[in-house]
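Asks: So you can see what is in the structure, the chains are spelled out below.
Protein chains: 2
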Amino acid sequence: MSGARMFSSTDRWLLKKLYAAIGSPSVRIALKDGPAVGPKDGHVVAGLVIHDRATLMRIVVNPEVAFGEAYADGAVEIQGGLLTLLDAVYCPMAARGNSSWYPRLASWWLRLSQGNTRLGSRHNIHHHYDLGNQFYQLWLDRNLVYTCAYFPEPSATLEEAQLAKMNHVCRKVWLRPGERVVEAGCGWGSLALHMARHYGVKVKAFNISHEQIVYARWRAQQEGLDGRVEFIEDDYRNIYGRFDAFVSVGMLEHVGREHYREMSKVIHRTIGDSGRGLLHFIGRNQRRPLNAWVRKRIFPGAYPPSLREVADILEPSDFAVLDVENLRLHYARTLEHWLERFESSRQQVATMFDDRFVRIWRLYLAGSVAAFRAGSMQLFQVVFAGPQCKAIPWTRAYLYQPQPQSAGRMQAAD
Amino acid sequence: MSGARMFSSTDRWLLKKLYAAIGSPSVRIALKDGPAVGPKDGHVVAGLVIHDRATLMRIVVNPEVAFGEAYADGAVEIQGGLLTLLDAVYCPMAARGNSSWYPRLASWWLRLSQGNTRLGSRHNIHHHYDLGNQFYQLWLDRNLVYTCAYFPEPSATLEEAQLAKMNHVCRKVWLRPGERVVEAGCGWGSLALHMARHYGVKVKAFNISHEQIVYARWRAQQEGLDGRVEFIEDDYRNIYGRFDAFVSVGMLEHVGREHYREMSKVIHRTIGDSGRGLLHFIGRNQRRPLNAWVRKRIFPGAYPPSLREVADILEPSDFAVLDVENLRLHYARTLEHWLERFESSRQQVATMFDDRFVRIWRLYLAGSVAAFRAGSMQLFQVVFAGPQCKAIPWTRAYLYQPQPQSAGRMQAAD
Chain A
0 MSGARMFSST DRWLLKKLYA AIGSPSVRIA LKDGPAVGPK DGHVVAGLVI
50 HDRATLMRIV VNPEVAFGEA YADGAVEIQG GLLTLLDAVY CPMAARGNSS
100 WYPRLASWWL RLSQGNTRLG SRHNIHHHYD LGNQFYQLWL DRNLVYTCAY
150 FPEPSATLEE AQLAKMNHVC RKVWLRPGER VVEAGCGWGS LALHMARHYG
200 VKVKAFNISH EQIVYARWRA QQEGLDGRVE FIEDDYRNIY GRFDAFVSVG
250 MLEHVGREHY REMSKVIHRT IGDSGRGLLH FIGRNQRRPL NAWVRKRIFP
300 GAYPPSLREV ADILEPSDFA VLDVENLRLH YARTLEHWLE RFESSRQQVA
350 TMFDDRFVRI WRLYLAGSVA AFRAGSMQLF QVVFAGPQCK AIPWTRAYLY
400 QPQPQSAGRM QAAD
Chain B
0 MSGARMFSST DRWLLKKLYA AIGSPSVRIA LKDGPAVGPK DGHVVAGLVI
50 HDRATLMRIV VNPEVAFGEA YADGAVEIQG GLLTLLDAVY CPMAARGNSS
100 WYPRLASWWL RLSQGNTRLG SRHNIHHHYD LGNQFYQLWL DRNLVYTCAY
150 FPEPSATLEE AQLAKMNHVC RKVWLRPGER VVEAGCGWGS LALHMARHYG
200 VKVKAFNISH EQIVYARWRA QQEGLDGRVE FIEDDYRNIY GRFDAFVSVG
250 MLEHVGREHY REMSKVIHRT IGDSGRGLLH FIGRNQRRPL NAWVRKRIFP
300 GAYPPSLREV ADILEPSDFA VLDVENLRLH YARTLEHWLE RFESSRQQVA
350 TMFDDRFVRI WRLYLAGSVA AFRAGSMQLF QVVFAGPQCK AIPWTRAYLY
400 QPQPQSAGRM QAAD
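So the protein lines, in turn, are chains A and B.
Under numbering that gives the first Met the number 0, think of the first position of the first sequence as 0, with each following residue one higher.
Under numbering that gives the first Met the number 0, think of the first position of the second sequence as 0, with each following residue one higher.
Hints were generated in silico from the structure; no laboratory data involved.
Treat the hints with caution; some may be incorrect.
[What the hints assert, rightly or not] Far from chain A, some chain B residues (derived; all Cβ distances over 10 Å): (1) ARG11; (2) GLN113; (3) GLN133; (4) LEU137; (5) ARG216; (6) ILE231; (7) VAL293; (8) GLN347.
[To be verified] Simulated restraints, written as ranges between beta carbons of each label pair: (9) ARG260(B) x SER23(A): 28 to 34 Å; (10) PRO401(A) x GLN387(B): 31 to 37 Å; (11) TRP107(A) x ARG260(B): 26 to 32 Å.
Backbone N, C-alpha and C fix where the C-beta goes; we use that ideal spot for every residue, glycine too.
Pulled out of the complex, with its shape left as it was, chain A reads as follows:
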């Protein structure tokens, strides 16, 4: 066998191995100027061309991480659109985990090195949320809500859907004027300000992202709400004081399951036995680590829990789960909007950072769209109440009535 032929047959073997490992999708995978593999039925929706043998080998050894790195480096070429390719791959992969030892080891190492201690959390959050508000302003809605929106109709705009999400959350915890609310992980402050303005509550909102807190305080002042909303640059573990409701939208993913007992204690000491709360978070159907490349490049230390794991937070205080809603299709739609806006601003993003950054973020956003579409990620809103919580909604019908305010629509428990 000549050297060239031997290389070619090794390449073919590697491509076949990779193709099988990702669930034999409707995708053609080729080595540039070399062999290719694809579906037996010939139905190809997208193509991937890997530029060199070294990249192919890295992808075979650890597909999750090495594909992301290769895309970031421009060492692969996508044919037929990135999202089409990812949709095609995510669908058969939805129910799979890492199978071989090397990716598992790498994933485990990442988890160790990105732990969510108080200091670790500060690093992890800084990495993502302190990239500069200007960057996020390019592609989020005008209120900078960086969590899953709620689209009453799929055709709603992103601005409408983020507003609807904030109302959905406020009504789910049936805020009443004069109540005290604590928010753990408040982003740029939109929800806290919305609660104070439209539901007449007083809010203490915590966040360890410096850039976000500075922005949120500025907004509160601009909007004359600084007397009713206090933005505190501190860790959720330092929340003290008594409140009627605990709300956390998009923070639980950053807590890490090693810290759920701490979180449980924080919630109980803030709302006691008679309060209620809402957790909004990216979750999974079962325990499984987040995509290792996403943890490496985008969200260090992130972990989306299963509902079983969330029981570690609610059970110790005898909290009753009142309502769980899965909004994964809404997160897919939200991410489609973000991706579209991101693509429209990619020149500006490249000027702020560089082309590699653009590719990394494009892959993260498109990969997330595909993951939520395929159902390998879920978005849960969990409403809970303490064992002595006296007034709970009789049905959920009020959530679907046109009035934005929920107060006064409740029926007491007894």
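Based on the hints, put chain B in the right spot on chain A.
Replies: Same frame as chain A, but now just chain B:
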């Protein structure tokens, strides 16, 4: 110290011990012609008079079981109403478990002796559900629905609320005409017949209560639905065949947590990766055995799970939880209706059985009202879908629109 005085001080000590063990409620507890204990603030809403020292001692040793037995035997007298007394006791007890060794041991022994093997389940179900249809006809709604109803308004009648519950369930699993549905634990067949008549589906419904199945078959024939609903007298573990949806209302409590993996397999083999399902069951905020007296006299082998335990059923097949609703206030209301109807028929019940039976059932119904009111029991409806389920509702708004039919109101996932 004279013998009489020694007895009296022992009695007082026992009463104090009992009073503290049940959480010092607003109840006066007395030994007949002897000492009494009660709240320090003097606020008494109900009274319990224990007829003799031996009964008092049994209640102190194992309050749950011995109180039930004493009430059944007429060895205690209630002042101010049974339900008032139970409400007063359940409220402070909501978050407690058995504390001392003897009740734990007795509870464990009960669990062993009432296991839900195929044979065990047959005994356990026969004990309760084969008491005679005439008995249940005295106090259930006209359709004999023996599970938590859904009251769109608290003032709805029981008949309206049971109808609304059946529609709520059917719409939650978005039944479409022509689909095949399997029901595990079908009672007297109301839901199966309702699904076939109003949602145009074909149903196979399983139950191991002979009396119920005979009645359900008769109804299907009477109503001309025997071509579309098949009632099968068999264990859920013997369900085979492929269906679009799996529905189980009020059976999970009888499965026992040792058998959740079996149940998980049954669900997966019937609906595969693309179906969906609904579990409606009495649950708890955390793992805790059911009241031992209720297991002894009413529901042998019953166990209401926590949501964490239900994950044992859903996680192995990668089922996604789409919706969880807690209807505990609705079960309290349902039980109030049942208790009221039961009391109106107590003469007839006593003729069918005896006075002891009347007292046992009164305590079971009133105790259940109190437990659901206090929040020591929950009622969960969990909707789930397989990882390949393609059409899931965009929002839950359609559940709250007036149309009884859900078909056609869906938005496909993609």
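Asks: Take the C-beta atom of ARG260(B) and the C-beta atom of SER23(A), compute their distance, and say whether it sits inside 28 to 34 Å.
Replies: holds (30 Å)
Asks: So the hint says 31 to 37 Å: do the beta-carbon atoms of PRO401(A) and GLN387(B) match that?
Replies: Given a distance of about 35 Å, which is inside 31 to 37 Å, the answer is holds.
Asks: Within 26 to 32 Å: is that where the Cβ-Cβ distance between TRP107(A) and ARG260(B) falls?
Replies: holds (28 Å)
Asks: Taking the closest pair, is the beta carbon of LEU137(B) still more than 10 Å from chain A?
Replies: For LEU137(B), whose nearest Cβ neighbour in chain A is about 28 Å away, the distance exceeds 10 Å, so it holds.
Asks: Please verify that the nearest CB of chain A lies beyond 10 Å from GLN347(B)'s CB.
Replies: holds (31 Å)
Asks: Is the Cβ of ARG216(B) farther than 10 Å from every Cβ of chain A?
Replies: For ARG216(B), whose nearest Cβ neighbour in chain A is about 34 Å away, the distance exceeds 10 Å, so it holds.
Asks: Taking the closest pair, is the beta carbon of GLN113(B) still more than 10 Å from chain A?
Replies: The claim stands: GLN113(B) keeps its Cβ more than 10 Å from every Cβ of chain A (closest is about 25 Å).
Asks: With d taken as the least Cβ-Cβ distance between ARG11(B) and chain A, does d exceed 10 Å?
Replies: Its Cβ never comes within 10 Å of chain A, the nearest being 31 Å, so this holds.
Asks: Beyond 10 Å on every Cβ pair: is that true for ILE231(B) relative to chain A?
Replies: holds (30 Å)
Asks: Minimum C-beta separation from GLN133(B) to chain A exceeding 10 Å: can you confirm that?
Replies: holds (34 Å)
Asks: Is it correct that the beta-carbon of VAL293(B) has no partner in chain A closer than or equal to 10 Å?
Replies: holds (20 Å)
Figure legend: structure checked against the earlier numbered hints; every hint is met.
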